[in-house]
Structures are given as structure tokens and as C-alpha cells.
Amino acid sequence: MSPEFYIAAGGIVAAAVVIILLFKAVWRVAEPNEALIISGLGARRRGEGVDSLGFKIITGKGAAVLPGFQAARRLRLDTRAANLQVSCVTQQGIPVHIRGVVIYKVGDDLSSIANAARRFLDQQDFMTSAIHELFTGHLRSIIGNLTIEDLILNRERLTSETRASAADEMSKLGLIVDSLQIQEIDDETGYIVNLGKPHAAKVASTARIAQAQRDQEATEAEQIAAANMAAARRDSRIKEASYQAEIDRAQATARQAGPLSEATARQEVVVQETKAAELEAKLAEQRLQSQVRKPADAKAYETVTLSQAERDARIAQAEAEARETELRAAAQASQVKLAAAADAESVRLRGEASGAATKIAGEAEAQAARARGLAQAEAAKALGLAEAEASEAKGLAEAQAIRARAEALKENQEAVIAQQLAERWPEVVEAGAKAFGNVDHMVVLNGAQGVEELLAKALTLGGAGIGLARALLNGATPNGTEPEISSKAP
Amino acid sequence: MVGKQGRVTGKIGPGLVGEVMIPVRGGVEAFYAHPSVPDEEFLTGSIVVVVEYFPPRTVYVARALI
Chain H
1 MSPEFYIAAG GIVAAAVVII LLFKAVWRVA EPNEALIISG LGARRRGEGV
51 DSLGFKIITG KGAAVLPGFQ AARRLRLDTR AANLQVSCVT QQGIPVHIRG
101 VVIYKVGDDL SSIANAARRF LDQQDFMTSA IHELFTGHLR SIIGNLTIED
151 LILNRERLTS ETRASAADEM SKLGLIVDSL QIQEIDDETG YIVNLGKPHA
201 AKVASTARIA QAQRDQEATE AEQIAAANMA AARRDSRIKE ASYQAEIDRA
251 QATARQAGPL SEATARQEVV VQETKAAELE AKLAEQRLQS QVRKPADAKA
301 YETVTLSQAE RDARIAQAEA EARETELRAA AQASQVKLAA AADAESVRLR
351 GEASGAATKI AGEAEAQAAR ARGLAQAEAA KALGLAEAEA SEAKGLAEAQ
401 AIRARAEALK ENQEAVIAQQ LAERWPEVVE AGAKAFGNVD HMVVLNGAQG
451 VEELLAKALT LGGAGIGLAR ALLNGATPNG TEPEISSKAP
Chain V
1 MVGKQGRVTG KIGPGLVGEV MIPVRGGVEA FYAHPSVPDE EFLTGSIVVV
51 VEYFPPRTVY VARALI
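From first to last, the protein sequence lines stand for chains H and V.
When we follow full-length UniProt numbering, the leftmost residue of the first sequence carries the number 1, and every step to the right adds one.
When we follow full-length UniProt numbering, the leftmost residue of the second sequence carries the number 1, and every step to the right adds one.
Looking at chain H on its own, in the form it has when it is part of the complex (with noise of 0.2 Å):
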């Protein structure tokens, strides 16, 4: 290889190194969380009128700066974040000391980054502390319009104020807020502490009560177990009292048993041993019936039957001496009743023969007589019974008839007297009509009606009959009752 080669080669190395060394020089990046602000020559850009910047700004990309005619800067986009101690007071007039933080960072459009440049862009360390004097000035006067309360219970409207308040400013500054915080709010008064006390003091005793309500139901719950475990054991204890009982029962029963069996058994010894006696007994009883009874028995009945025989025998010794006695005096009578029998029968014999001849003439007498005064008594009896039942026939007759009579009576008096008027009518008629026989010559004015009128005049005497008739009864009998009628009926 020729020197010219290495010498060409290194300068074209050495021309590139050069290269690299000056863009690495010219060239600038702007990193994601800065912005490259870069003025000077060339920085304006071309047609963007009166309001235009004067200087560049690069995000996310590079940029070529001339050294000697251009300046570049960074800004920081990243967050900031600032403390704040605030001591104010409420609205109520409570000191309060409020300790929070809000996180803020330059914005991210050119009009936010271009306003933050220019004013923090030598002092992005200062950005924090005004920061820090404009949000304490904002919370004063914010708090200053809350109360306690609403700081504690209402942070929302405590944040949503700051926002609004600040929201020029940090447009001017070309910051945005990305958080504010409230950490901590004292205050040295205890009024928050007290604030909660009510509360607390409320949930306190909810919560003593519900112990208490606990610890008795507990309590309860105890007693309750307690009481029934008590009831368990007086059970089991009465259970075992009564099985002892069964068992000590038991053991009596078997511990009685040997003397028991024993008298069982001597008892049996005793009965079988009054079973013997009594046997021996009936034995010596038939042994002295056999032997002392029987014998005796068989001499009295040896000496009663011997006593007996000799008895018999002399009252049949007596018996025969007394028959023969009467036969000897039976035979002296018969033969006198014989002789005085055979006088007697002659005697008889002749009146017997007398009084046989009167005695036939007088029955036929006695006959003759009876005959006669029987006949004559028949007909007197049949003479008399004729004449009673001819007269007792007509009683009968006449008790019916009056009998009728009062029936009729009773169920139509009138009936009956009518009746009694018509029979005898023809004579009443014949009476009224002796006053015109005696009249010779007789004028009647109104013709025939006057004859009609004189004919029933004549026959109206048998209604006046009628009427007096009743008049009569009425007058007997007042109240139309009967009692002579009613009593003569049956």
C-alpha cells in the first residue's frame, strides 16, 4: 500500500471524526419531559407575524444550534411539587394551620411552555416558592370564607375554590396543576377535637350498649346453661338415686334370700312334719277306735239287743196271757148274745108283721092326698105368672113411651108441642068455627078477601096456642132446661 493511501484514509477518518465532533457540537435533543428553548439567529421563524415569539422551542425532537450565534436552554416539563404551611383563620375566627402539597408542572403547549420560559427559565428553583406564596395567599383567603366544618367535610369545595382562584395566574405562569392536597389541618383551640366529641362520645356509648346488650345476652346465655346443666345434673343425680335404690333392693332381695329359702325350706321341714304328727295322730285314733271303741260298742250293742230280746219276750208273754183272757170272755158273751138274739128275733117277727099290714094302708092314703094339692098348686102358680108378666109387659110399654117423649122434648120442644097442637087441630078448628054457627046472617066487606082474612084469623088461634104454649114452658122452665125430664131419663 502506498503512504498516500493511509494518508488519504486517515484524512477522510480523521474528516469524520470531525463530522461527528462538530454535529454532536451543532446538533441537540430535547429529551420527553424538557423543552429545548433556543434564540438567537435564525430563531424566528419565517411568517408567523407580529405576535411571534422570537425564540424556538423543541420538544421530543432535535434541533441544530449554531454555536456563537444561537443559545439553547432547557426547560423542565416534569412535575414540581410544593409544600404548603398555611396559618390562617375561619370564618369562625379558629386558628387554623393547614398543611398541604400541590403538584404542578409547566404546561405542555408552546403558549404554557413559552410563558413559563420566559419567566422561570434561569430560575426554575424559585418556580416552587412562588408557587408556594401564591397558593398560601389563595388558601387564606379561601379559608378565611369556610368554616371548619366545610375544611373538614367539604374538601371538594376547598380544592374547587383554589382551583378557580388561581386559575389566571397559573395561565399567566403557564402552569397547570395536576394535584393539590390538604394534608393536615391543626388547630390549637381543640375545636376539632371537640367537634368530634358528641360523635365520638355517641359511637362510644352505641358501642357500651351494644357490649352491654352483648355481655347480657352472654350473660343470659350462661345463666341459661347454667340453669340447665343444674336441671342435668339433679336428673342424672335423681337417676342414680333410684337405680341405687334398685341396686340396694336387689342386693336386700338377694341377701334375704338365704334365710328366705332357709324358712321356705323349714317351713316345708314344719308342714311335712304337722303332715306326720297329724297322720300318727289319726293312726293312734284308729287304733283306739279299733281296739277300744269298737269293742265297747260291741258290748252295749251285745247288752241292748239282749236287754231288748228279754223285754220283747215278756211283752209277748203279757200279750198272749191278756188274748187268751179276752178270748175266754169273748166266748162267755157270744153264747148269752145268742140266746138273747134268738128272743129278740122271735119278738121282731111278730111286730113286723103287724106294722107291715098298717103301714100299707096308710101310703096309699098319703098318696091320694098329695095328688090332689099338687094339681091345685100348678094352676095357682100358672094363674100368677100370667098376670105378672101381662103387667109387667105394660109398665115397659109406658116407661118407653115417656122415655120418647122426653128425647123428643129435649132436642125440639116446639117440635113436640106442634105436634101435640096438630093432632088436636080439628078440634081447636071446630071450636073457632062454633062463633060463625051461631051467626044467622053474616056481611063481609071485603069480599073474598075479607072471608080469607076471617078464615085465617080463625086458624091463627091454633099459632096463638103455639105462642101461649111456649110461653107456658118458658115460664116452668126459665132457663129452657129440663131438669124434671132429664132426670126422669135413663
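Just so you know, these hints were derived from the structure itself, not from any lab.
All C-beta atoms in this analysis are idealised placements derived from N, C-alpha and C, irrespective of residue type, glycine included.
No incorrect hints appear here.
Quick list of the computed label-pair ranges, beta carbon to beta carbon:
(1) His-97(H) x Pro-55(V): 34 to 40 Å
(2) Ala-81(H) x Met-1(V): 27 to 33 Å
(3) Ala-200(H) x Pro-55(V): 48 to 54 Å
(4) Gly-3(V) x Val-18(H): 46 to 52 Å
(5) Gly-3(V) x Asn-154(H): 32 to 38 Å
(6) Thr-206(H) x Met-1(V): 53 to 59 Å
(7) Gly-62(H) x Val-28(V): 21 to 27 Å
(8) Val-24(V) x Ala-14(H): 46 to 52 Å
Calculated pairs, DSSO-like style, for lysine-lysine (alpha carbon to alpha carbon, straight line, at most 30 Å):
(9) Lys-4(V) x Lys-61(H)
(10) Lys-105(H) x Lys-11(V)
(11) Lys-56(H) x Lys-4(V)
(12) Lys-275(H) x Lys-294(H)
(13) Lys-4(V) x Lys-105(H)
(14) Lys-11(V) x Lys-172(H)
(15) Lys-4(V) x Lys-172(H)
(16) Lys-24(H) x Lys-61(H)
Start from chain H and add chain V according to the hints.
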């Protein structure tokens, strides 16, 4: 900016400066928001659409039709 939709993170209403998060420039940024129609209110969490943009960080919003 105009036409973008965003989510309300601070109540928007008359007399209030609300906050709305809008996806822009590859991220999500917070903007101060006011109602485009006076007396309209948007509670936190509702979706709104940007009808006007006042740089750097203020938008006027209306109810999004979604």
C-alpha cells in the same frame, strides 16, 4: 382543540372555573373550562365537547352528544 371531547374533573358552572381533561398532544391535559351556554352546569364525570379554545389553557364546552 375545537371539537375534541373531554371528561369533566371539576364542576363547571356559572361563577366557577371548572376543569376538564382533554386528550391532546399524545397525552391528556387539564384545561380550565367554562360553559359555552351561560347558566349551564356540568357535574364531575360528564362528557363535554370543546366549542371554543382560548390559549393557553381555557376552553368553553358544551354537552357532548356522545
